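Chemist: Sequence:
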Amino acid sequence: MSLSRRRFLSHAAAVSAAFGALPLLSARAQAKAAGYLNQVAGFGPLETDPNGLFDLPAGFDYVTLSETGEPMDDGLIVPGDHDGMACFPGLEDGQVILVRNHEMSPDEADKSAFGEDGERLSAIDAGKLYDHEDGALTHLGGTTTIHVDLASRRVVRQFLSLGGTERNCAGGPTPWGSWITCEESLTQAGPGYGARDHGYAFEVPAQATELMRAEPLTAMGRFNREACATDPRTSIVYQTEDARPSLITRFIPNVPGQLHEGGRLQALMISGQPGLNTNNWDAHAQTVAVGETLAVEWIDVVDGHNPNNDLASRMVDAGAANFTRGEGMWFGDNEVFFCCTDGGPEHIGQIWRYRPSPLEGQDGETAQPGELTLLVQTTDERVLEKCDNITVAPWGDLVVVEDGDNEQFIRGITPDGRVYTIGRNAASDVEGEYSEITGPCFSPDGSTLFFNVQNGPGRTFAVKGLWATRSLADA
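According to this note's numbering, the sequence shown holds residues 13 to 487 in order.
These aren't lab readings, by the way, just hints derived from the structure by calculation.
Some hints could be false.
As a list, the in silico SDA-like pairs of lysine to any residue whose alpha-carbon atoms are at most 25 Å apart [said to hold, decoys possible]:
1. Lys140 to Glu82
2. Lys476 to Pro57
3. Lys123 to Gly81
Bear in mind the structure is a predicted one, so any value in this text is a computation, not a measurement.
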């Protein structure tokens, strides 16, 4: 289904009208009592999962797949810390492909794909790993690729597709069918830390059938990475950074669709307001109002390899906008959406939209600048708390998952910024903590929402249900 802005808006109008007759106040009262608060009816109240894993509304069901510790087809085991993810068309009819990140640190050998003592390393060509030396520290991050039969929601095949990296947090799909995986790390080479610097992006073709040789996309910069989104018209890659301060950057490739051929790295700046702090932490001195749209400029990044781990502060001093903990990012139809997980006066989240210039990255861009809008700034944790990964749903709403301090929810957000609840992680660990939810993405046909619960153990969920009730404009 096309994710066009026209459909985004027309669906919102149809859904708003259709749900206007529902007993919204009753639904809100039920939701509030359940620990969450809907601003629009959405799919209805959550029902308690008898298995104690994940609560969903009536008419929805899940299957779990690819759990930490399971054997994989390459002789390794499913690693832990499931994180960012995207879904692609499969190699066979009726199948889809998930490429999934693993936010693994070197000290998490108990959740390693190679076994706690590295006993399974011999099953692969270790020379393809990014940072690995015999007898030295093994970096445990990377990606797994999972082939799924969509009808049964069962794994057909799964294997390690990238390895030897560190804390692969989020990333983003490309229009040419690959996954860009991003290291949330500033680790530099040295004794006890590995042989290579970390903080880079790597590209994994979705249709790869075995472990890929890990080659960093060095021209895209080195920083505490989170996510990225690629414009299919221009091949420009937009990037977030999970730090304070943090930048929004864009990478203009020298050759469209060929990121390894180098390009130009730039940071977002608000026109006429160099170094603007957008975090809005002071409730009495908001620098950007919800719904406000700002004209944007882009300035060249100096020394993007970041040898002193000070890239963001240097660029803010040079005029770049100062964001706080940029996290999930996704491309809609000529719109880039991204989250700042602790923005706003309550430090519980902002969602931004960037609309590129008609001349994005070209001469004349400054005459028709791109525009940045603050769409959502939450002040009630029952509505939305610490938005993290994000995607665009087939019906045009945003779907956002949380990494908060309390229970973790999946939320839907309408084009006018109203929030509703889609699901809740019902499984807590022995200390009563709820794992964050990660990696939301839809199958190409729109029938299935995939996402992860990162730990306890890490699991991938595949949810089917009444998604069409949010697509009434098609009726």
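Chemist: When you check the alpha-carbon spacing of lysine 476 and proline 57, does it fall within 25 Å?
Modeler: It holds: about 16 Å lies between the C-alpha atoms, which stays within 25 Å.
Chemist: Hey, lysine 140 versus glutamate 82, does the alpha-carbon distance stay inside 25 Å?
Modeler: holds, 22 Å
Chemist: Would you check the hint for lysine 123 and glycine 81, treating anything up to 25 Å between C-alpha atoms as holding?
Modeler: Roughly 7 Å between the alpha carbons, so the hint for lysine 123 and glycine 81 holds.
The structure shown violates none of the earlier numbered hints.
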